Each structure stands twice: as C-alpha cells, then as structure tokens.
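Protein chains: 2
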Amino acid sequence: MAQNIYDNPAFFEGYSQLSRSVEGLAGAAEWPALQAMLPKPTNLRVVDLGCGYGWFCRWAAEQGAAKVVGLDVSEKMLERAVASTSDPVVTYARADLEQLDFAEAGFDLAYSSLTLHYIADLSGLFEKIHRALVPGGKLVFSIEHPIYMASMHPGWMTDAQGRKIWPVDSYQLEGPRTTNWLADGVIKQHRTIGTILNLLIGAGFTITHVEDWGPTAAQVAARPELAEEKERPMLLLVAAQR
Amino acid sequence: MAQNIYDNPAFFEGYSQLSRSVEGLAGAAEWPALQAMLPKPTNLRVVDLGCGYGWFCRWAAEQGAAKVVGLDVSEKMLERAVASTSDPVVTYARADLEQLDFAEAGFDLAYSSLTLHYIADLSGLFEKIHRALVPGGKLVFSIEHPIYMASMHPGWMTDAQGRKIWPVDSYQLEGPRTTNWLADGVIKQHRTIGTILNLLIGAGFTITHVEDWGPTAAQVAARPELAEEKERPMLLLVAAQR
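Heads up: the protein sequence lines correspond to chains D and X, in order.
All letters in the first sequence, in the order written, are residues 44 to 285 by the numbering used here.
All letters in the second sequence, in the order written, are residues 44 to 285 by the numbering used here.
Bear in mind the hints are in silico, worked out from the structure with no lab data behind them.
Among these hints, one or two may not hold up.
Repeated chains share a single entry, so a pair holds when one copy, or any two copies, can fit it.
[Unchecked claim] 27 Å max Cα-Cα, derived DSS-like pairs, lysine-lysine:
id, residue 1, residue 2
1, 83, 207
2, 273, 231
3, 231, 119
Fair warning: this is a prediction, and the values are worked out from it, not measured in the lab.
Excised from the complex, chain D in its bound form (with noise of 0.2 Å):
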C-alpha cells in the first residue's frame, strides 16, 4: 500500500496547522480555480479521493449533493472527518486508494485533492475511478506539479545576479522523490505531465482542462507570500469526463 504519512505523529502535527487544515478550502489558495472546474454539486453522487479533515465532503454537501463519500488511508484524518461532520448525506472510509475498487458507475464527480502524488499505481487508480463514474461524470484533481516534484534537490535558489529561480533537473526520471516535508521520509511519485495526461487518456478519460496553478493578482495583493507562486507552479489541476 501507499505510504500512510500522515498518520505520522509529527507530520500529523505539521499538517493540522497549515493554513488548509485550519480554515478549510477557504485556506487553500489553489480552490478558487479547483472550484471554477467543478460542476455544481447538487444532486450529485460525489466521491473525495483523500478527502483528510472532510472539507471538501461538508462543501459538497452544502451545496445539495445526494451523496458524499470520502476516503481516506489515515484514520487519524478521517476521525477528524467524521467528528466534524453532521450532515447524513457524507459518509467516511478508511481506504488505500491502491487497493480501492468500486462497483460500477455509481457517481457523477470524483475529486482528489493533493493525493494522487502519493499513488504509485495511477494508472490502476485512474482506471477505477473511470468505472465508478457514469457516462457524462467528471473527474477533477489537484497534483503536485512535475515542475514543483522533478528535481532530486527541491527549493529556491538564487543565480550568480542574486535572482530567484526554481530549479528542474531529472525531469524524465518518472518515480519516486523523497522530500522532508512536515515529517522526514516523505515518498511522492514524480511523473510527467505528458504521463499524468496519457494515463488519464489510456482510462478512457477525455481531458477538459488543465491548469498550472497561480495566485491571482488579488491574491497576491492580499497575501504578498503568495507572489512566488507566479515563477514556477506548484500544483497542476486537472478537469476530464468520463
């Protein structure tokens, strides 16, 4: 199974104050742009591929879904999850997104946050998620980036003029980075946005949009910190349907 990291004690920790786990989408600067890809989840069957603390799943909800399911691998999330929610239309799992698998066609939208970096086998994933949706459904993720994961030694650097960049190095080495991120030892799978994309092809997917994401210039405005975001993206969202 895949790497179960955040039901490390101090990765758990870290992650339980980032702004995202805080305030919820509202914290996540990317969701914006998430949403804009999103269809309007009323009356919709909708399944949250590591849904974590259950944001995503109490949005859904909120905004009329029939029925929500989340998954997750961490039990420590999904405890949160199910403490925070009250709403009956939103039911929790615990599950490993690699050994997943789904009865047929049974949602209209599957959304993955910040997850699928963690997968090894996306392939086999993209595979399962396009028969748990219904003809016309929709699929919509956020991933690291493979600007943001390629190099074997991540982070800004400064060139001989004192500029910042973003170094790549080992682009075409698909597999897996280990980065110490909130806790040491954490494994992502680097792929090419060439592989993501044809794999998501390969499932029978037809891709609808794709964006590098950015900060906006209001965002920007209202939070400077953001601004680095515009020199090398961070995370790749993805709308496609079944």
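Given chain D, work out where chain X should sit, using these hints.
Chain X alone, transformed into the frame defined by chain D:
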C-alpha cells in the same frame, strides 16, 4: 505578422547548419517520438505549418500522401524546399500563419514542427486548423516546452553542490521571450502548458497524446550530448483530433 527570423541572414546561416537542417528528420532527435504520434500519411491530405526546408513534406509524399501543402513565412527556406522537392503531390506557399485562412475542411492531417511558439495568436491559429481539418482529422505538433521557455534568463546553471540544473522563473508570466539563439532578438511566445492545451480544447480538439520529449537510452548511447535533455524537457509534443 509574426517575426520572420528565418530570413535574418545570421539566423538562416546558423539554422542551415543544424543537424535537423543538414540531415532532415533523421537529424531531429524527437522525430521518432513525433512519428509514433502521426497517422500513416498514405492517401491523406496533409498540411505542414512551418515547413522549413520541406523535409516533412517530402517524407509525407514518400509515404503516399494524396496531397501535401507546405506553408512557411520564410522566403529563403521555401526556395530551398522547392529546389529539393520533385514530388508533384507537394506544393509550397509562403504564408504568415497569423494571417492565414483555410477553406473549410480540406485536410486529414495538420503537422507543425517547432513553429507554434513564434505565434502570438495561437488561439486563432488553432481555430483555423480545426476548420481546415475534416472530422476525425488530426493535428500533431512540437513546440518549445514551457519549462524550457519560461525563464527570463534560460540556460544551464550549477547549484551550490555543483549539480546541473535548469532554472524556472516567471512561469505564469505569459508573453514574449527574447533570446539570442543563432541571431540576436529572436522573439518567442511563452505560454503555460495549461494554456496551450486549453486553447486546443477551446478550439474544439480532443487531446489524444501529450509528451514532454526526452531522449531514449539508445539515443543517449549513440549521442551522449543528448543526456542533458533528460534533465528538463526542451520540447512538448501534442497530438489532438478534430
């Protein structure tokens, strides 16, 4: 109209000495990957946008294409294309791709090699190509990769540990990039990957394959200088269908 750098004497002189100019398709390391994305040209009506010396047009004709139209803005390149081509199915025309218009649906395949990053109105061109293709017709192109193009000061660097890296900055700042490649002041248009793909989707295309091109192990063995192309992609290859 787009900058016609190919008729700049210094640029033309330098360009004419590149292996892709001397050896044609065999001198372009990305050609096997592009070829794998192409339909077999036999009996197809083909248009090449930015045909240069006509290497692709002659290849398509040799493969039995029913009609091949090569378009280029460079008078000098077209002169050489015409002088090098005897197959009567091939015709060349001088055209500024930004001013171009096609009659409806006359082609089965549109091809473009390393030309579209010179185009300011890419949206308009994709729409014209879409109209020029029959339903089911294909567009296959290569374009300089946004990772390669984004930086205001592109070029290999070494980090503090002496490791070779490629800088990325200014990724979200779309628009002109001026470089001194073969001649001073060559103007290219940087776009994010999302923008390139969304313009295609917006023009009515279905994306069928995306490849951040890198050399194969066999290519690196034969030409060790290609190894650095595995560190960061220089070319983006895309196949789409009307």
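So, going through the hints one by one against the coordinates:
no. : hint       : verdict
1   : 83 to 207  : neither (39 Å within a copy, 46 Å between copies)
2   : 273 to 231 : both (23 Å within a copy, 20 Å between copies)
3   : 231 to 119 : within (20 Å within a copy, 50 Å between copies)
Figure legend: structure checked against the earlier numbered hints; the only hint not met is number 1.
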